Amino acid sequence: MDQLSPLARVFAYLSLLTIGGGMAAFPEMKVLIVDVHHWLTADQLTHVYSTGQMSPGPNMMMVAEVGYLVSGVLGAVVCALAFFLPTGLLTFGVGRLWKRLEHWPWRSSIEKGLGAVAIGLAVAGLITFGRTAITFKPSMIAGWITLILAVLTFFAVVRTKVNPVFFILGGAVVGFFALR
Amino acid sequence: MSDAAVSPQSKPKPSVLTIFLTFLEIGAISFGGGVVAYLRDGLVRKKRWFDDVEFLEMTSISNTLPGLNATNMAILAGDRLAGWLGATLALVGMCLPAFIFMTLAGMVYSESHARPLATAALRGVAAAATGLIAATWFKIGRKSLRGFYDAFFVMAAILGVNYFKWGVPITLLAVGALAIFHYRPHRGHETRAQEEEEWISSLH
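So the protein lines, in turn, are chains A and B. Take the first sequence: its letter number 153 is residue 137 in the working numbering, and every next letter is one higher. Take the position in the second sequence, starting the count at 1, then add 104; the result is the number in the working numbering.
None of these hints come from the bench; they were simulated from the model. These numbers were taken from a predicted model, which means no experiment stands behind them. Accuracy of the hints is not assured; some may be wrong.
[To be verified] Heads up, simulated DSS-like pairs for lysine-lysine below, C-alpha to C-alpha not over 30 Å straight-line:
no., chain 1, residue 1, chain 2, residue 2
1, A, K83, B, K269
2, B, K247, A, K145
3, B, K243, B, K150
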């Protein structure tokens, strides 16, 4: 119960960093959840984030699973509200102002500038994420299997039109049999 | 006025219940990420509530602001269709299936995370997710990044977070300010119309 207010604060703060998507906030999320508050281990956070990739809708609803694991259903509700409400209000306000900003010359400067930075932050997040997802620590074999799985998924998603959720589920099957 | 007959504005606005159910459906079926493509299919192609220009405008707002595309788009579209109530219901509809999914996942995980089989499956999922997320951003980068400076801003953000350990907020503020300054108004760049076309074609 006493974790609810730190959960709310952490996830409201993290939501403000999600420029271009949730991955941008991942490195900061890892620091706060794993190192500062010890709510999850690095491996657990990677598992929960990965589970989010199997979910329909916003993948970052994984914050609700973090909340659940820390404080039960109430924790899940608090994390979801803290993560989606502040940015939601901001979007609502700016959405209404946007028409008036149509001829504001900095509008397209902000769009273009943040577009590039968002990609950089997402790749940075992905590097942080990939370091726990693809690891040679327990065994070399597991390291190679995870690396090959990631590379195959990358090319499958870039080259085919198949819904990526099938590759994610394929990863679960491979993991189930080969990564015990 | 004859033009208005084909524009979405002239249609009767959908009821808030219809808005809620439409976003609930998209929130429940949009597996595999890329919610924006599902939204375009539902809101522009099937329901015809928006045309491509309006849809593009909403995507550029939601890309520029913090928050996820899925939820930002729900709020912007809901507000345009039925004001704050529409925005609220669209947001709740979009989020509810994922909330239930992830809370149930939490229940399963807290029961079974000690069991090696579930952990093994999730290791495979994490590896595949790494490839999926890399592919998603590779596709976005291939379409939207241009020239030396964009590459520089991408590298600066990566190095700021992963090498210099500035943390995400400082990196975002520093590199973001630099990039926005680089694209400051007086510089000549491609026309918006061209970018809009590319963005629309990138959705499918």
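A quick look at each hint next to the structure:
no., hint, verdict
1, K83(A) with K269(B), "violated (38 Å)"
2, K247(B) with K145(A), "holds (17 Å)"
3, K243(B) with K150(B), "holds (26 Å)"
Violation of the numbered hints given earlier is confined to hint 1; every other hint is satisfied by the structure.
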